[in-house]
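Residues per chain, in single letters:
Number of protein chains: 2
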Amino acid sequence: MRHNFGAGPCILPQEVFKQASRAILDFKDGLSILEISHRSPEFEGVMAEANKLVKELLNVPSGYSVLFLQGGASLQFAMVPMNLLPEGKTAAYLETGVWANKAIKEVKFFGKAEVVASSKEANFSFIPKDFAIPADAAYFHYTSNNTIYGTELFEVPKTTVPVVCDMSSDIMSRVIDVSQFDLIYAGAQKNIGPAGLTIVIVKDEILGQSGRAIPSMLDYASYKDNDSMYNTPPVFSIYTAMLNLNWLKSKGGVAEIEKENKAKADALYKEIDRNPLFKGTCAVEDRSRMNICFVMENPELEKPFAKFADDNGFEGLKGHRSVGGFRASMYNALPITSVHALIDLMQEFEEKQNKN
Amino acid sequence: MRHNFGAGPCILPQEVFKQASRAILDFKDGLSILEISHRSPEFEGVMAEANKLVKELLNVPSGYSVLFLQGGASLQFAMVPMNLLPEGKTAAYLETGVWANKAIKEVKFFGKAEVVASSKEANFSFIPKDFAIPADAAYFHYTSNNTIYGTELFEVPKTTVPVVCDMSSDIMSRVIDVSQFDLIYAGAQKNIGPAGLTIVIVKDEILGQSGRAIPSMLDYASYKDNDSMYNTPPVFSIYTAMLNLNWLKSKGGVAEIEKENKAKADALYKEIDRNPLFKGTCAVEDRSRMNICFVMENPELEKPFAKFADDNGFEGLKGHRSVGGFRASMYNALPITSVHALIDLMQEFEEKQNKN
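Heads up: the sequence lines are chains H and B, in that order.
Position one of the first sequence corresponds to residue 1 (this note's numbering), numbered consecutively onward.
Position one of the second sequence corresponds to residue 1 (this note's numbering), numbered consecutively onward.
Among these hints, one or two may not hold up.
Said to hold, decoys possible - So these bits of chain H aren't anywhere near chain B, every CB distance computed over 10 angstroms: (1) G63; (2) A132; (3) V156; (4) K262; (5) E302; (6) E348.
Stated by the list, open to error - Here are the computed distance ranges between Cβ atoms for each label pair: (7) N59(B) - D266(H): 44 to 50 angstroms; (8) E15(H) - M1(B): 27 to 33 angstroms; (9) G63(H) - K158(B): 53 to 59 angstroms.
Said to hold, decoys possible - Calculated cross-link-like contacts (lysine-lysine; reagent style PhoX-like; alpha-carbon spacing at most 25 angstroms): (10) K89(H) - K105(H); (11) K28(H) - K303(B); (12) K18(H) - K52(H); (13) K224(H) - K303(B); (14) K318(B) - K28(H); (15) K224(H) - K270(H); (16) K102(B) - K18(H); (17) K224(B) - K102(H).
To be clear, the hints were calculated from the coordinates, so they are not data collected in a lab.
Even glycine gets a Cβ: it sits at the ideal position worked out from N, Cα and C.
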């Protein structure tokens, strides 16, 4: 039995793997999902269903479009200012980690980014709370979940300017109110589907306002106007995302998975706080439900615990080098049984230490 | 028995489908290829092998880099001038079809495109031959195979300026001399692998010369400097491309597949020229080996022949709306038996007509 706590690309439901595997051999009439035209009625059906599922699961209001792109969140770091930042204007950014920082860096090609607050000095171990967003900013950008540092923003900061959010690592993990956002983007490879797909949810009225001439493939309008088929889309990633979103729907949707995600996170944090060998790395009130970072009170025990986890079939628990220690990524598809197995492992390790 | 003559995403070898399907269930130690980290040694091995295979199969000389990107050829239409066209300079383009035309349109965001020749007036039914490429052009761009119109450029036009080629639909189908090019790009979904991957082969010394500040994900240097892992790459598409390139290698490589592609194309063109019901749409000397376009002498027979093909398990034979009639796309993975089956079908249809 393997337990995949990897940070992404990450675990998807086993039944999604089975369905995707079958579709590679026979999607329709003996043809593989890899050899069908994206212009075929069959794939147009897949695209339409994937779109509908995103809208349904996140309760996307009218006046918003769901777009399927490529290039990951990293391409969005540039596309957001390219599409939303008029020449000479400033955008406001909250700096909560490496990905926020990378997003900030890409703004310079289009204008100015003002960092309204940062927890960089504290190695991004908390989410800054009291900051002012300038009323004349073209938009305010933040990262809702910080995969590397294990912090998460559950409340949308209050502002009168358009809100843009990188939700790559917590989209579909909890209920959100899309109407509070003007643009949401997410690389697919956590809770949506395989790598190679990016989802954008955009309020239609904010498009076409920057006054910039934008190359077709970098213009959100090209995707909106062509049902995300301006050119050949990433067919297999979209198909598998559709399977995965259907799985989420069958589980009861985002509200139900949120309960499960809360239960999973609560259980593991409880053990981290109880077990004298381990400690969390973040401010308690900002703890992420998706990526749970922890270190050992005695750093010399890190290697032995890592080996113990490895020997017992645990994958992807190594912390990012900028935090060290361990990171348990617990996306939607990670079963709670894997979390319990990890807790058991931590307790067994504690008992072993006590015997020494 | 199905025969998939689709223009792309298109047929891949059946054994590649089988291997890809298996890897979705179990790539390594019970983990799916969709749930492994792109930073794992296993995937780094896949990436390195895919890179090596491209170099080996195309005999890429030293001083060139092979890059794996997303966004298709359409994103390259913008990335090429963004990376290679200095402010105020002009690039030379050969207009041989819709894709060349789209590439030309994206230049305007960065500078000027000079169309050195066009066959637009003749519905792109031939490749312009006598044209001059200005010696002060920043580069010369052409499309080697025109999927929609069924024409192909087998000789690289002579010029002293850097040569950029969109080889999306004939890369890996015939031997090329990479040293004649400064940049080659190709959407993967014909002869390389599944949709969602783009390959770029670039002469290192032409990078960083445009004087432009380029966003990270749009800068070829980011891919070159990070082994195409500046961010999460399209893992599954790269893995399947690796399988497919390995298949090509096992078949004897590009020189061998070129012989087979020639034999396939020769056989079908021979039948088109012989069969009084059919005729080709392009100049004979410019006929593509990848996409064979033909119409019926009597347009009233198009529907009956389309139905006859459909009833007999032939997929994707409908011509593009801008040419009409039929298009048989015959990429590397289409077996010659499918070509013979199509020829038989055309002859049976002829016999049926003679009986009427």
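Verification of the hints:
1. G63: Per Cβ check, G63(H) is outside 10 angstroms of chain B; nearest 27 angstroms; holds.
2. A132: Check passes; 28 angstroms lies beyond 10 angstroms.
3. V156: holds, 25 angstroms
4. K262: holds, 23 angstroms
5. E302: Label holds. Min Cβ-Cβ 19 angstroms, cutoff 10 angstroms.
6. E348: Answer for E348(H): holds, closest chain B Cβ roughly 22 angstroms.
7. N59(B) - D266(H): 44 to 50 angstroms: Roughly 58 angstroms apart at Cβ, these two residues miss the hinted range, so it is violated.
8. E15(H) - M1(B): 27 to 33 angstroms: Holds, since E15(H) and M1(B) (Cβ atoms, about 31 angstroms apart) stay within the stated range.
9. G63(H) - K158(B): 53 to 59 angstroms: holds, 55 angstroms
10. K89(H) - K105(H): holds, 16 angstroms
11. K28(H) - K303(B): holds, 24 angstroms
12. K18(H) - K52(H): Judged against 25 angstroms, a Cα distance of about 23 angstroms means the pair holds.
13. K224(H) - K303(B): Judged against 25 angstroms, a Cα distance of about 34 angstroms means the pair is violated.
14. K318(B) - K28(H): Since the Cα atoms of K318(B) and K28(H) sit roughly 18 angstroms apart, the hinted pair holds (cutoff 25 angstroms).
15. K224(H) - K270(H): violated, 44 angstroms
16. K102(B) - K18(H): Judged against 25 angstroms, a Cα distance of about 39 angstroms means the pair is violated.
17. K224(B) - K102(H): Within the cut-off at roughly 19 angstroms; holds.
Violation of the numbered hints given earlier is confined to hints 7, 13, 15 and 16; the remaining hints are satisfied by the structure.
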